[in-house]
Amino acid sequence: MDFPILSVIVFTPLIAGVLLLMVPGERKDEIRVGALGAAGFALLLSLWVYFGYDKGAGGYQFVEQYQWLPALGISYYAGVDGMNAPLVLLTGIVMFTGVLISWNIDDRPREFFAFLFILATGVFGVFVALDMFMLFFFYEIAVFPMYLLIAIWGWKQTREYAAMKLTLFLFIGSVISLVGALAMYFTSGESTFDMLKIAEAAQAGAFDIQYSFNILGRTFTPTFQEFWFPLVFLGFAVLGGIFPFHNWSPDGHVAAPTAVSMFHAGVLMKLGAFAALRVGMMLLPEGAQAWMPALIFFALVNVVYGAFIAMVQTDFKYVIGYSSVSHMGLVMLGLASLSRNGFIGAGVQMFSHGVMTALFFAAVGMVYDRAHTRDIPRLGGMALKMPIVAVAFIIGGLVSMGMPGFSGFVAEFPIFMGVWTMASSPINVHWPFAGWVAPLIAIVGAISIVVTAAYIIRIVRRVFFGPMPAEFEGHITETTALDKVALVILAAILVLLGVFPSLMVPLVETGVDSVMLLFGGA
Amino acid sequence: MILALLPEILLLVLAGLVLVLDMFWKDDRDRNLGWLTAGGALVILLVSWLAGRPGEEPIQIWGGMVRHDWLAFVFKSIAIFGMGVTALFSMDRPDLGKKGEYYILLVISTIGMALMAASADLIMLFLAIETTSIPLYVLAGFIKTDDRSTEAGFKYLLFGAMTSSVMLYGFSLLYGFAGTSDLYRLAQGLASGSLTGMPVIASALLVLVGFGFKVAVVPFHFWVPDVYEGSPTPVTGFLSTASKAAGFAVLVRVLLAAFPGSFGEGMDASLASVLAALAAVTMTLGNTIALAQSNIKRLLAYSSIAHAGYILMGVVAATELGITSAVFYLIAYLLTNLAAFGVVAIAGRVVGSDEIAAYAGMSRRSSGLSLVLLVAFLSLAGVPPLAGFIAKIWVFAAAVEADLVWLAFVGVLNAIIGVYYYLIVLKVVYLHRSDKEDQPVMVTRPERLALGILTFGILLIGTIFAPWWGFADAAAAALF
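First to last, the protein sequences are chains A and B.
In terms of the working numbering, the first sequence has 452 at position 388, counting the first letter as 1, and numbering is strictly consecutive.
In terms of the working numbering, the second sequence has 736 at position 426, counting the first letter as 1, and numbering is strictly consecutive.
Honestly, the hints are just simulated from the structure, not real lab data.
Warning: the hint list may mix true and false statements.
Heads up, simulated DSSO-like pairs for lysine-lysine below, C-alpha to C-alpha not over 27 Å straight-line [unchecked claim]:
hint: 1; chain 1: B; residue 1: K336; chain 2: B; residue 2: K454
hint: 2; chain 1: B; residue 1: K409; chain 2: B; residue 2: K465
hint: 3; chain 1: B; residue 1: K737; chain 2: A; residue 2: K92
hint: 4; chain 1: B; residue 1: K465; chain 2: A; residue 2: K229
hint: 5; chain 1: B; residue 1: K336; chain 2: A; residue 2: K220
hint: 6; chain 1: A; residue 1: K92; chain 2: B; residue 2: K746
hint: 7; chain 1: A; residue 1: K220; chain 2: B; residue 2: K737
hint: 8; chain 1: B; residue 1: K409; chain 2: B; residue 2: K336
hint: 9; chain 1: A; residue 1: K261; chain 2: A; residue 2: K119
hint: 10; chain 1: A; residue 1: K92; chain 2: A; residue 2: K220
hint: 11; chain 1: A; residue 1: K548; chain 2: A; residue 2: K449
hint: 12; chain 1: A; residue 1: K119; chain 2: A; residue 2: K449
Remember, it's a predicted structure, so these values are computed and weren't measured experimentally.
So here's chain A without its partners, still in its complex pose (with noise of 0.2 Å):
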């Protein structure tokens, strides 16, 4: 048998994260080191997976399988294809540089970690998943953790709020798709979780099954994909932020430590769009043809309403919040789209979005460490004694406009360029407006990026340039050494997937080809 190295990388935090718990509390300095280990190793595996998938083969690779409740056709089912290995990478990452940002976290720092890599440990197993039990499983590991870690290490201000919240929408969200899932799992009449033979059973018509309704005296016949696709969808698609289920979404960015909002943003966040994408539409293709245009609509009021919302706040952490919600609406504009430039641009979108996001993020969390404060209006001249920040920021800011030569422009180009075109795309068999739409809806989302431009300047400007206050002089001081260190892997990994788009771009491919042969096109 082969090494199980997905196993391996998903257990891995979740075993770290139980030695930690071992640990004497006051031992601070050894647990900050086991979690870096742990960390590290993460990442090395999980970049192993990336550089080691063979594209020339595609398909599911490094799968493993090993029953849990026959019975019922459970069984623990991992692998990896051109969409889920970029993500797995990206998790490894942002797992490492968070825990490189939240060296200085001296309240209960072993259980902080412990509950950091439980969390990772749930996204991995989400991100991994062939079966669809055992995403569920691993979803509601990733999401609970989130709880406590806002409500105990976050901003003291709105942390119990806003982690309730955040819990209440992810599980409503979570048990509706569930409920979607239990229906697929007894309708395809296969006995089993697996996704891949539901997949098949639904491409040989298990799911052509007519519903008839009789609502005030209309009687509506949808077929079992159409019911089922929006509520299965958008069940995830709320932890991917979507329009009108979003709000949650800043409110906990906020709220969060720095570390916390990194994965929350970074990861948890594509989370959710890649369960919708697996569980919503790689099952239920038609569902998704039928109900392609109201996706569109709510995927376009996420990028354009995300971007003005971001345009107007005056707290540096909720502009990041929103500008989050606005570049996850590119994810969903590039699924919705259903055309295949738009399927390899969300996927290269979700990991960019992520790394950006994480890096915003920390250099949020850098400077609000120093200065205390958050309003924009009241900060200024960072550069001067935080270089690194300022220019690791502006790289991200340059990503987030979908400058040529950052990862965004890879990723946001793809994005538009499918929605243009996606009234001729050939799996797009419901099309219902005229055929100028489609570059309409490109052009209305492309305006966003002026927006971006917009809000990410101002704060270039406002925070780390200009005068520095008074009431500053003095206590800023320059970054760690592992800030530094984290700050600069982030921005790295941007411009290079900037430069060579061939790091990622084909081994996405492989991905989108095998979902765009669920919607039968080739």
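The hints should help you fit chain B onto chain A, whose structure is shown.
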């Protein structure tokens, strides 16, 4: 035949042993009766599992009064386990732990539960229910110096007597319609009798009153909060798990054996729709009222009502998956709720209050106890990798399979309400500060042992499902 009654016989021996030793031991040794009861439970479980397991085919003994099948066996194990853990939690309560009669009542009540699970005849069933209930009335009112405990005992007695008599009336009607009191010939007798349809369903509903009282289903739940609050906390834990489980054992056996659906499968359709409505109302009411509670025992009381609703969902589905999921849920719930009430009992002993506000700073006073509370409450809320998660998934699945998608949606939305109030308690435990943080909470040895077993069990069931699912499935298969 001996083997079929092995657990009951051994329990009787245990009761006798406790009685005799209570007389001979001096008062200061009487605490050891708790070890005896708990150790006895362990021995009985081991011996029964080794020697008394039912075979493929069920056996009926005593002229069809008692049935030895997996359904009975699994529920007997649940009751005995509950008894053992409850004894451990009671040992260091000054008002319970050194009283021999307390342990005797506990054991006798457990005998009643074991017989409830095994009854295959209306008469035996009634006797078993009374054998269970009467000791429980006394246990609920055990602390004579505490008005609330006395009130709890009395209230429990009044409600119990009332619903028992209604149920007995239902039994007599059924006997009249069918000409037999044997549960397994009742269906046939009812079908061949001259009266079918409405009268039969009406008498079935009368019977449901009694069962509904035992499992705490709306509208027979009014006793629950007061009795749970007033009873000594270990007794409350026992009431909310073992007693509820025994009630469900009876419920599924009677409904599926005596009132099958038109094809001899599942359950009568009109009964099923009544129960579906009850399940929905029970969950919603239990969870909604739990939101407003400031006393942790009342909160758990309403949560226990809500959980009865979830379990009822599996029963309503009345498929093999449905019954299996209900049994599995009860196993998970047994461990979880015993742990929750165990923590409440310990905290109540030390803090002297059951108000949620009194739990402030608990995580700094005893991190271990808080961790158990965290595990138990998250399991109640249905968070993986704990037992409650998988249990909930399968009752929802059973509802979806039985085309009760609306009920599944009611269930999942209720689960969210549950998450909210369980988190509120955890928030107090982990976030709120108090000025007593420097006073540690002492957890005694038996309590530590019990909490350890329960926490380990919750994690084990939550991660490795297959063996427990196998037992639950065997129990359900006995009905199909």
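Right, here's what the structure says about each hint:
| no. | hint | in the structure |
| --- | --- | --- |
| 1 | B/K336 - B/K454 | holds, 22 Å |
| 2 | B/K409 - B/K465 | holds, 23 Å |
| 3 | B/K737 - A/K92 | holds, 25 Å |
| 4 | B/K465 - A/K229 | violated, 39 Å |
| 5 | B/K336 - A/K220 | violated, 56 Å |
| 6 | A/K92 - B/K746 | holds, 26 Å |
| 7 | A/K220 - B/K737 | holds, 14 Å |
| 8 | B/K409 - B/K336 | holds, 11 Å |
| 9 | A/K261 - A/K119 | holds, 23 Å |
| 10 | A/K92 - A/K220 | holds, 23 Å |
| 11 | A/K548 - A/K449 | holds, 13 Å |
| 12 | A/K119 - A/K449 | violated, 45 Å |
The structure fails hints 4, 5, 12 (numbered hints given earlier, in ascending order).
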